[in-house]
Amino acid sequence: MAFLEISNVSKGFGPAGHRTEVLRDLNLSVERGEFVAVVGYSGAGKTTLINLIAGLQRPDSGSVKLDGVEITGPGPDRGLVFQNYSLLPWLTVRENIALAVNQLFPDWSATRRREHLEHHIGLVGLTHAGDRRPAELSGGMRQRVSLARALAMDPQVLLLDEPLGALDALTRATLQDEISRIATASGKTIVLITNDPDEGILMADRILPLSAGPGATLGPAVVVDLERPRDRKALNHDPRFKAIRGEIVGWLLGPGARKTTTVSRVLVLPDLLPENLDQPRTRFGVKRAPRRRSEEHRETVQVN
Amino acid sequence: MKSASAWVANLLMPLVGLGLTLLIWQLIAGHTEMRRQADGTTEEVKTGLVKDLPGPYTTWQKTSRYIVEPFAKREELDQGVLRFTWYSLIIVAKGYAIALLLGTPLGFFLGLSKSFSRMFDPIIQVLRPVSPLAWMPLGVVLFSNAGRSANELAALFTIAVCSMWPTVLNTAVGVRAIPQDYLNIARVLKLSRWQTLVKIMIPATLPYMFTGYRLSLGIAWLVIVAVEMLTGRIGIGNFLWNEYNNGLYTSIVLCIITIGVVGFLLDRGMSLLERRFKTA
Ligand SMILES: Nc1ncnc2c1ncn2[C@@H]1O[C@H](COP(=O)(O)OP(=O)(O)OP(=O)(O)O)[C@@H](O)[C@H]1O
Ligand SMILES: [Mg+2]
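First to last, the sequence lines map onto chains A and B. If you read the first sequence in our numbering, its first letter stands for residue 1, the second for the next number, and so on. If you read the second sequence in our numbering, its first letter stands for residue 1, the second for the next number, and so on.
Okay, chain A solo, but in the shape it has when bound:
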């Protein structure tokens, strides 16, 4: 049995009757120390999947097991880097991380906790900004704080939910290398969520494409057998890289991953017709009173 084992998991939202199933019959197993990347469409259910592993949500059916034990709730053994950083705005960088460190290692001496804290702030290169509040940091810096907090928890599994999604290409590249370096050094089990196949290939051991929702599920795994450390410049010309990428993108764009559905919705339109400028104007405005038309208009659109 694998270290992290997700079997036949389904998860939906909404009240009975209007329920949409986001994930359907999803299976995933991750070995100890493995770095896997889940690549998928926006809105497919990637955050939902990571929340299930984190224990913040429970599956409707199926099971999520870590080290053979069913996950029933969140816990510090799964360090989570939230998609939107989730730093507490009233605490400084140090205090944000210290909240986790002090909570999780209460029997350490104060010195040891402080060293642990400073070590992780240094790891993400933020020692100079340790006393700033999140509002005074750039997006990339906030993301690093979030990463440092997750690492400082010393979790068994590191869950990264599109950690670099909101960053520009250059910052993104720097942080990708940084995370790869930390990942190799720590040897932790990592699940990375991303919408960028290249990012997955650059960082992970194995890529799992997630089909578009509703009812998203994982496609066939693609093993990334490129040696580390991976150099993004050399990689661009590597035929193996191109082959892996072709395989992932091909599946994501293929018939298995995309479903065509018809959505019917009610649009509320403004209730007034535009004023007719050809109408003669009187001294006090337009002669004709504004005309109304029915507010509702039903339309049916084809969605790919």
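Hints listed in this document are in silico derivations from the structure and should not be mistaken for laboratory results. You can trust all of the hints, since none of them are fake.
With a straight-line cut-off of 20 Å between C-alpha atoms, the simulated EDC-like cross-links for lysine to aspartate or glutamate are:
#	chain 1	residue 1	chain 2	residue 2
1	A	Lys233	A	Asp168
2	A	Lys242	A	Asp205
3	B	Lys278	A	Asp131
4	B	Lys62	B	Asp52
5	B	Lys278	A	Glu95
6	B	Lys62	B	Glu76
7	B	Lys190	A	Asp154
8	B	Lys278	A	Glu136
9	B	Lys190	A	Asp77
10	B	Lys62	B	Glu75
11	A	Lys242	A	Asp225
12	A	Lys233	A	Asp177
13	B	Lys190	A	Glu95
14	B	Lys190	A	Asp107
15	B	Lys46	B	Glu33
16	B	Lys190	A	Glu70
17	A	Lys242	A	Asp231
18	A	Lys188	A	Glu5
19	A	Lys65	A	Glu31
Residues of chain A clear of chain B, computed beta-carbon distances all greater than 12 Å:
#	residue
20	Ser10
21	Glu70
22	Gly250
Beta carbons are placed, not taken as given, at the ideal position from N, Cα and C, and that holds for glycine.
Go by the hints and put chain B with the ligands onto chain A.
Quick look at chain B with the ligands alone, frame taken from chain A:
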């Protein structure tokens, strides 16, 4: 250059506004004239647009004794204006403290529990618009057998009950507005309920709480005049009422200005505090 224009905007313009107000006040105010009667005696006659409104200069002439020695205590009912204000502020501070101590936890319960909120929100909405003039007699009745402190207790009751609601409602809104992400952090770290409250929920709600506190302070100060008129406690509102009964209209104007200025300063102080607690 820039600082000069900022200076004009920040200091000069309000002064111009003040001058214009004083001018209009003077123009519409009444003044007395000596008129010679047919039999040779003189008689005082009031003229002007608003005959009984004393003008700014008259007001200063007649009330300067309260202003130049603001903390003087000549007699029980003849004290400096700031001394009266001080008495009022003390009672407001006590009532306001009670309002915060009751209102903040109540707001937290309302924000935390949907069913609690469904149960009590309608009642709060009904009690909220009730005027201090309506609460005061109830307060007097409730504490009528408290002996010498009955008056004070009734006053505190009225101030607390009237000024509590903005704190309650704003705190409740703040608690409901705590982002799920913050609570998820608490869940991942397995914080206890108490730690979640102290480390996540209270700091996240503080900005809302302080907005409530500021509004509550405004109401508490608003209520004090009515309370003092009804109970006869010594203070700025009571002074106003006595002078009205004595027909000294200049003192009424003085009291109105004092109450306004003090209210403004209290609000400014609170909004500084409020800004201090604004996060991100
Ligand atoms: N708590 C919830 N209640 C109702 N619907 C939800 C909830 N959480 C997610 N969904 C729905 O589930 C679907 C998947 O959401 P999810 O956040 O997992 O997507 P995602 O793949 O992480 O998207 P993105 O790449 O934009 O972050 C969306 O259609 C969303 O509307
Ligand atoms: Mg997401």
